[in-house]
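Q: Chains as they are written, first to last, in my numbering: chain A, 13 to 306; chain B, 57 to 386; chain C, 14 to 431.
I should point out that these hints are in silico values taken from the structure, not numbers from a laboratory.
None of the values given here were measured: they were computed from a predicted structure.
Note that the Cβ used here is the ideal one computed from N, Cα and C, for glycine as well.
Incorrect hints may have been included.
Partial pick of chain A residues on the chain C-facing surface, computed with a CB cut under 7 angstroms [stated by the list, open to error]:
#1 Asn52
#2 Arg146
#3 Ala148
#4 Ala275
#5 Tyr281
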Amino acid sequence: MSLWNDFLHSLPQLLAYGLVNAGVLALGAVGLALIYRIFNFVHFAHGDLMTLGAYWGFLFNVTLRLPWLLAFVLALPATIVCALFIDRTFYRPLRRQHSVVLLISSAGMALVLRNLVRLFWGQSVRSYDLDFHRAASVLPGVRLTPEELVIVGFALATALFLFVLLRYTRLGKALRALADDVDLAAGCGVSLAWATRWTWVLGAGLAATGGIVLGVEDHLLHPLMGWNVLLSLFAAVVLGGLAHPYGALLGALIIGISQELFAFFLPQYRPALALVVLIVLLLWRPQGLLGQRT
Amino acid sequence: MVWKLLAVGALLLVLNAMGRGAFALFFSIQAGIYALLALGLNVQWGYTGLFNVGISSLFALGAYTSALLTKNPVPSPGAWPGLGLPFVVGLVCAALVAALAAALLGSATLRLRGDYLAMVTLGAGEIVRLLLLNESSLTHGAEGLRAIPQPLHTWFPARDYNAFYFVVVLALLALTFWGMERVLRSPWGRALRAVRDDEEAAASLGKNTFVLKFQAFVLGAALMGLAGALYAHFTTFISPADFVPLQTFLVWMMLIAGGSGSNRGAVVGAVLIWGLWVGTSVLGGFFPSQWAVKFSYLRIIAVGLTLQWMLLCRPKGILGTITSPSSAKI
Amino acid sequence: MSKNTQFIGRSLNRRRFLQGLGVGVGSALLSPLRGLAQNAIPLGALYPLTGAAAVFGPKFVQAAQLAVDQVNAAGGPLGRPLKLVVKDSGSAPQQATSAIQELINLNGVPAVSGAATSFATVAVAPIAAANEVVLVSPSAATTELTTLQDDDYVFRTFPSNALQGVALAKLALQEGFKQLSVIHRNDSFANTLSEALIGAFEARGGTVLEDVAYAPDETSFRAALERANRGNPALIVPIPLAEDGNLLIKQAFQLGIDTLRIWPSSIKNQTFVDDLVNTLGADTLEGVKGTFPSTPTGPSAQRYAAQYEAQFGEAPTPFTANVYDSVFSLALAIQAAGEASGPALRGALRAIANAPGQSVGVDEFAKAKSTLEGGQAVQYDGASGPVDFDENGDVLAPVGVYQIQAGQIVEVGEISIA
């Protein structure tokens with residue numbers, strides 16, 4: 013019963029877990045990529061924004077005892093408002109600075125958000141008021157809980173939503189134009205303030221959704237939950253490349269699945285894969301898989 | 057500056073002789089260690105503009121290296137064996153190992169722009185922590201290393217040992233400060249600052265920017281490793297959980313508060329920020345214990361917000377003089 | 014504009030330097046003044062208010078305070094009131110080491126009750142020893158404390174894993190399990206208990222299939238559980254602390270692994286069980302058994318239980334009796350030693366705890382005081398057991414078995430260690 017045999021035997025299950033993982037990463041990565049494309053800085057607080065979203069969900073679901081669907085839906089605008097406030101107060105004044113300054117600021121915000129969560133909800137693990145389910149067989153060799161299935165479905169829905177948004181709506185077109193060339197877009201009448209707001213709405217909304225999804229999948233919330241996936245999000249974004257709007261999705265898919273496969277052999281080093289991928293990419297193809305070399 | 061340091065040092069020793077200095081010495085040793093970290097970051101960031109999010113991991117590597125090299129090879133049962141080498145060897149190797157790690161990471165990533173270095177140093181920091189935690193056959197994992205030997209411990213009675221250790225830390229700090237000041241004024245130092253201010257211009261003038269960045273990164277890392285070793289021998293117990301992102305943060309803040317690019321600023325900033333940090337902790341001691349926990353989170357939030365305030369109000373504290381245009385799109 | 018900023022910057026710098034210096038010097042001068050108001054004797058308490066064992070922390074504080082209040086009601090040791098200084102030992106060793114440094118340097122304590130978790134105790138023990146401060150842990154079970162080079166400054170009122178490990182092994186065999194796997198937290202407590210368990214189990218003819226360790230701050234146990242489940246053992250013994258134990262058992266349930274049926278003492282806690290019953294249902298836990306240092310039934314222990322209940326309105330939670338004993342015996346030691354200093358207390362602890370001497374129990378500080386003042390010895394018989402410190406500072410205790418019945422923890426007997 014060698015390790016390799018075990019691995020092959022578990023492969024379908026691992027791929028399924030990989031899809032679930034990819035779903036979570038996708039939600040965070042798309043937001044991160046969007047913020048990077050529009051504001052041109054690496055948002056180090058993105059993971060903790062996911063954490064914040066998850067805990068807003070907790071507040072509505074457990075503290076205020078709202079049904080989970082309503083609670084989760086309410087968590088989104090709550091997080092978005094926070095993100096807009098942070099941008100307005102801390103990031104906007106620094107926008108003319110070197111992007112490293114914004115990076116530091118966002119790293120500082122990450123620390124603040126994480127400890128605000130600890131201040132109000134403590135360091136201990138919490139969980140949503142959801143029923144507990146055992147994993148059931150969905151395909152031969154694959155057992156998933158109903159929550160995990162929902163997550164996969166959700167991630168697909170998000171991808172679809174993004175597609176529709178970018179392709180068919182005014183907002184999507186404006187964002188794509190801005191990402192390509194700010195002055196030209198502004199010249200064509202795209203309001204920068206409007207676009208800023210919507211970038212955060214999308215970015216923070218997706219992050220909050222990602223955080224909630226993470227909380228549901230693991231059936232637990234803790235203050236470091238978002239920070240722990242930050243590295244994987246970076247890898248996903250860089251892997252996908254920033255030129256193409258779906259890059260982050262592709263990156264999340266690849267990182268998500270390969271992390272699960274890798275974790276079979278070295279479970280304690282899960283984040284290591286993301287780092288290795290990141291370094292290899294940066295050396296070999298920094299524009300990512302879908303990008304063009306500029 | 058060096059004279060100011062020595063004067064303060066003398067004052068503290070006098071206080072200790074009077075029997076009143078225990079806490080001040082304890083504080084000063086830690087402040088000195090952080091000052092070394094800040095000086096290291098200053099080389100990387102203040103002089104060269106390299107953004108390091110993984111300071112705590114270099115700190116950890118230095119601490120573990122020195123601990124493992126100097127611990128007793130035939131320890132008491134349950135303790136982890138080391139190589140029993142002298143303290144000085146531990147210090148030097150700590151600096152070397154941290155430098156080596158930086159060299160490995162830097163060789164792969166210093167060619168790329170700052171954001172990517174930040175991401176990668178974050179990742180590297182994570183990996184180092186995981187390695188220290190999981191390679192227990194080498195590091196004793198989560199249980200950590202205890203009974204780390206203190207140099208010349210038997211020469212001093214227990215109560216006076218800290219005074220001696222303080223002198224050691226102060227001496228190393230003064231030496232490092234003097235050295236870094238020399239570096240700052242040297243041609244190499246000027247070249248580093250040219251790279252920081254405008255890498256493209258520096259390159260067009262014929263400077264090998266990659267080699268310069270690499271050297272600065274490695275030198276800064278060596279200082280951080282040294283600080284780590286001093287930390288290990290001071291606390292006599294280290295474990296992977298001791299090395300957290302908050303430390304990296306505090307060091308950034310120290311440099312920003314003091315004004316990066318300036319060694320004096322690094323040391324002053326270290327004393328200041330560490331003073332505020334410990335001061336707020338002492339303040340927290342007045343609260344009943346349940347509230348003390350919440351208070352500790354408030355402290356960290358205050359740290360983060362103070363950082364924001366510094367960024368908003370003292371942009372000069374960040375990167376000396378930045379002449380390259382902003383690359384923000386909006 | 015830049016000139017102004019620079020000017021402000023420089024003078025701001027100087028002012029802040031002086032401020033920082035002031036803080037440092039000020040605290041240096043003030044530090045000896047703290048904790049000495051009204052001639053009180055400060056006693057350190059290092060308990061887990063946050064972190065993996067936080068579910069025990071607040072109760073420990075209560076038990077310690079009960080002991081202090083009773084001692085002070087009888088006039089206090091040497092006629093001076095005891096003052097409990099509580100600090101959080103936290104979730105990582107560094108918090109504990111910082112906390113004990115503060116207790117020693119800032120509050121000037123001669124002794125500390127704590128730490129509660131093994132990982133924290135092992136970290137702070139050398140610091141206590143180096144600073145000549147007595148440490149009495151109420152709940153650290155790691156075998157490392159027995160052999161620690163601590164200059165005899167470290168004691169505990171809780172038995173070592175060496176005993177519990179044997180008990181767990183014997184319980185498993187008694188329940189008919191010839192094979193087992195272990196999944197344990199990677200820290201001093203769980204590593205040593207796992208070693209003791211495996212050693213004892215194999216020595217009695219059992220087979221151990223897998224021994225899996227997980228990182229202390231782990232929240233996703235899927236990989237570890239699947240690894241522990243290889244070979245389909247009939248029994249998987251979890252050795253967690255309360256917080257990770259909660260997640261571990263829930264995730265095992267999610268994966269369909271039902272074999273975590275024998276538990277150690279670290280999760281013998283009704284709050285812990287209540288939460289699991291809430292989430293997973295009482296029948297998933299029905300019949301689960303575990304071992305723990307058993308609660309004595311003598312008059313001293315009963316008095317403790319009654320008084321704890323009277324003061325706090327609830328039955329004492331596990332291990333609070335050991336906390337009480339750690340504080341009470343320190344108070345007795347101070348009285349016997351005639352001074353509140355570490356080196357003196359070190360010698361006095363065994364004298365007041367072990368035979369010979371007049372027996373004193375819970376809440377009998379006045380009686381002990383007058384006996385000691387009269388030049389006689391005392392022998393403390395505590396809330397958690399006879400509290401006799403051996404040459405390593407350890408205590409012995411019989412091991413009991415508990416079982417979860419209809420969601421309640423019920424103590425069902427003892428198990429011999431022979």
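Q: Against the structure, test the hints numbered earlier, and report the numbers of the ones violated in rising order.
A: Violated hints: 1, 3, 5; rest satisfied.
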